[in-house]
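Mind docking chain B on chain A? Use the hints.
Residues per chain are reported as follows:
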Amino acid sequence: GEDVEQSLFLSVREGDSSVINCTYTDSSSTYLYWYKQEPGAGLQLLTYIFSNMDMKQDQRLTVLLNKKDKHLSLRIADTQTGDSAIYFCAESIGGYQKVTFGTGTKLQVIP
Amino acid sequence: NAGVMQNPRHLVRRRGQEARLRCSPMKGHSHVYWYRQLPEEGLKFMVYLQKENIIDESGMPKERFSAEFPKEGPSILRIQQVVRGDSAAYFCASSPPTGAYETQYFGPGTRLLVL
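Just so you know, the protein sequences line up as chains A and B, in that order.
Following my numbering, the numbering of the first sequence begins with 257 at its first residue and continues without gaps.
Following my numbering, the numbering of the second sequence begins with 2 at its first residue and continues without gaps.
Okay, chain A solo, but in the shape it has when bound (with noise of 0.2 Å):
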């Protein structure tokens, strides 16, 4: 079945890292995806990464993915206050790009 979970909140304080986990349950994932939504607004593509891959790193942002487990993390050094958002896990899974959402994690920066 396809269900993808992320702990609801996360509070940061400026400069440290961050940490936002997700689990899914489909193991025939091809994509797994982070979003990011600001709020009233649509989401944004931070990255993405092919299921054969155990990690991807992109300037402040780090990507772990552990295919037995079925567990992605995002990582995003250095937090910034611009980076409170709500930030959604996703998943796309066989030929074409249904792409299934997690319910997303709200990240507080405090300065």
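Wrong hints could be hidden among the right ones.
Below are the BS3-like pairs computed for lysine-lysine, each with C-alpha atoms no more than 25 Å apart in a straight line [claimed, not checked]: (1) B:Lys-72 / A:Lys-324; (2) A:Lys-312 / A:Lys-362; (3) A:Lys-323 / B:Lys-63; (4) A:Lys-323 / A:Lys-292; (5) B:Lys-45 / A:Lys-362; (6) A:Lys-292 / A:Lys-312; (7) B:Lys-45 / B:Lys-63; (8) B:Lys-45 / A:Lys-326; (9) A:Lys-292 / A:Lys-354; (10) A:Lys-354 / B:Lys-63; (11) B:Lys-52 / B:Lys-72; (12) A:Lys-292 / B:Lys-63; (13) A:Lys-326 / A:Lys-362; (14) A:Lys-324 / A:Lys-312; (15) B:Lys-72 / A:Lys-323; (16) A:Lys-323 / B:Lys-52; (17) B:Lys-45 / A:Lys-323; (18) B:Lys-28 / B:Lys-63; (19) B:Lys-72 / A:Lys-292.
Honestly, the hints are just simulated from the structure, not real lab data.
This is chain B only, laid out in the frame that chain A set:
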């Protein structure tokens, strides 16, 4: 290159009225997806369309909801006889026709409020 455009950004309807939501994909994109986001929830897939074809509508409610993506013009998500439970943000995404695993680019959403 303009991104995915949706209009209106906000829509208020009374119960029983019709809501029409429009989505113009990015230039060169021929695949369109509609998602619904209820308050405090993640996005739920509704429908996937290519030009003049519905590919997957497994997430669409069986009644009152329909979607189209004509050869010319934007994709339309139509909700007939709206009810309060239809109040949500509706997001459209698009992707190009090439390859199998292109990522989706999202529009800013239409926030529907049913009074």
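Tested hints:
1. B:Lys-72 / A:Lys-324: violated (44 Å)
2. A:Lys-312 / A:Lys-362: holds (22 Å)
3. A:Lys-323 / B:Lys-63: Outside the cut-off at roughly 35 Å; violated.
4. A:Lys-323 / A:Lys-292: holds (23 Å)
5. B:Lys-45 / A:Lys-362: holds (18 Å)
6. A:Lys-292 / A:Lys-312: At roughly 17 Å apart (the allowed maximum being 25 Å), Lys-312 (chain A) and Lys-292 (chain A) satisfy the hint.
7. B:Lys-45 / B:Lys-63: holds (15 Å)
8. B:Lys-45 / A:Lys-326: Holds - the C-alpha atoms of Lys-326 (chain A) and Lys-45 (chain B) are around 20 Å apart, at most 25 Å.
9. A:Lys-292 / A:Lys-354: Between Lys-292 (chain A) and Lys-354 (chain A) the Cα gap is close to 18 Å, so the pair holds against 25 Å.
10. A:Lys-354 / B:Lys-63: Since the Cα atoms of Lys-354 (chain A) and Lys-63 (chain B) sit roughly 19 Å apart, the hinted pair holds (cutoff 25 Å).
11. B:Lys-52 / B:Lys-72: Judged against 25 Å, a Cα distance of about 6 Å means the pair holds.
12. A:Lys-292 / B:Lys-63: violated (30 Å)
13. A:Lys-326 / A:Lys-362: holds (21 Å)
14. A:Lys-324 / A:Lys-312: holds (17 Å)
15. B:Lys-72 / A:Lys-323: Violated. Lys-72 (chain B) to Lys-323 (chain A) sits at ~40 Å, over the 25 Å cutoff.
16. A:Lys-323 / B:Lys-52: violated (35 Å)
17. B:Lys-45 / A:Lys-323: Roughly 23 Å between the alpha carbons, so the hint for Lys-45 (chain B) and Lys-323 (chain A) holds.
18. B:Lys-28 / B:Lys-63: It is violated: about 31 Å lies between the C-alpha atoms, which goes past 25 Å.
19. B:Lys-72 / A:Lys-292: violated (32 Å)
The structure does not agree with the numbered hints 1, 3, 12, 15, 16, 18, 19 stated previously, though it agrees with the rest.
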